[in-house]
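Construct the complete structure from the given sequences, taking the supplied hints into account.
Chains as they are written, first to last, in this note's numbering: chain A, 6 to 202; chain B, 6 to 202.
Since the list can't tell identical chains apart, any single copy or any two copies may satisfy a pair.
Mimicking DSBU-like on lysine-lysine, the simulated pairs with C-alpha atoms at most 30 angstroms apart in a straight line are:
id, residue 1, residue 2
1, LYS50, LYS68
2, LYS77, LYS192
3, LYS16, LYS50
4, LYS68, LYS167
5, LYS156, LYS192
6, LYS16, LYS77
7, LYS50, LYS77
I should point out that these hints are in silico values taken from the structure, not numbers from a laboratory.
Since the model is a prediction, treat every value here as computed from it, not as a measurement.
Number of protein chains: 2
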Amino acid sequence: MSELIEIPARKGKATHLEQGQTIKIINTHGHQVVDTWVFNASDLKEYSSNEHTRVNLSSIFPKSGEPLYTNKRRPIAILEEDTSPGIHDTMMAACDRYRYEQLGCADYHENCSENLHLALREIDLNISSTPAPLNLWMNIPVNMEGDCGWKPPVSKPGDFVKFRAVMDCIFAMSACPQDLVPINAGKPVEAHFGILP
Amino acid sequence: MSELIEIPARKGKATHLEQGQTIKIINTHGHQVVDTWVFNASDLKEYSSNEHTRVNLSSIFPKSGEPLYTNKRRPIAILEEDTSPGIHDTMMAACDRYRYEQLGCADYHENCSENLHLALREIDLNISSTPAPLNLWMNIPVNMEGDCGWKPPVSKPGDFVKFRAVMDCIFAMSACPQDLVPINAGKPVEAHFGILP
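Following this line, the structure appears as structure tokens:
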């Protein structure tokens with residue numbers, strides 16, 4: 006595996022992944038949500054789409070062995086391994102400045118939407134919108150009435166997921182800076198990733 | 006109320022709605038899913054967004070009295086009344102040509118994504134992507150493992166929803182042409198809408 010690369014607390018990172026390569030995303034401290042997006046490297050307008058993935062899987066989140074699908078309904082990356090209990094979220098938007106304004110922040114707050122765009126810019130890429138992310142380890146229980154809770158992750162320190170790229174793609178990840186609702190157990194921290202050939 | 010306008014079976018319709026006006030969308034035969042989108046009339050890049058609505062409502066679908074929120078987290082239309090049991094879907098993508106290809110259609114099949122774009126074009130509007138729709142009356146039960154079912158609507162003939170516009174907006178609706186999974190009880194039919202001052 007490549008050296009581990011840090012996704013700094015409250016920040017984002019993006020990386021190229023060639024078809025067939027695997028990325029290992031590590032929940033270093035166990036209680037960190039990592040918002041994750043996957044883009045077709047040759048057409049950034051094609052990307053992992055929760056609403057298309059849910060149709061193809063007939064499930065609200067992917068389980069080990071299942072692909073993420075794009076907005077053209079093509080598999081883009083396969084969730085090959087997941088050492089955590091498999092509780093992830095596909096329903097909630099990436100946090101953004103509007104979210105923190107509504108939560109009462111008068112000053113600037115880091116946010117996953119901006120982290121996505123900054124991370125892509127670091128590798129000379131640019132997109133004009135923020136697709137809905139796969140929120141790794143985000144624990145949003147849904148009850149029979151459709152009501153959603155906002156709970157800390159149930160993952161352990163060192164839990165990881167591995168995704169194998171079905172096509173050349175870009176993975177973008179944000180160590181979610183949310184500290185006003187308990188999804189990161191109140192303390193946003195760093196996470197890590199590495200690339201396997 | 007304005008005269009009732011037909012959303013023809015398997016087709017789409019779009020209409021302007023001024024701030025304060027109410028649209029009544031009618032499930033004429035009771036078993037028809039109507040994919041619905043709401044766009045800010047002065048900026049089509051701002052539109053009703055399921056992933057933002059779910060955050061603001063902490064719920065996977067809106068209930069009577071609750072707004073739909075845009076991708077800028079602003080209320081755009083309020084679900085004022087719902088005579089049906091309130092089972093709608095915010096999780097599944099609009100059907101499109103890729104969906105029908107995967108379901109085995111060798112020939113052209115009408116689809117909600119194309120219906121959206123054609124309906125907007127009829128009123129001289131154009132967008133470059135297909136946001137995730139609010140699928141009125143679509144019955145997608147989710148169990149505790151996150152698995153989703155594809156069931157016929159539980160609404161009755163003549164059930165309706167009313168949405169009041171919070172800003173000048175465009176409502177686009179598609180009488181979903183899906184006839185290969187049972188979400189329209191196997192028989193896509195027409196629906197109707199009218200505008201109240």
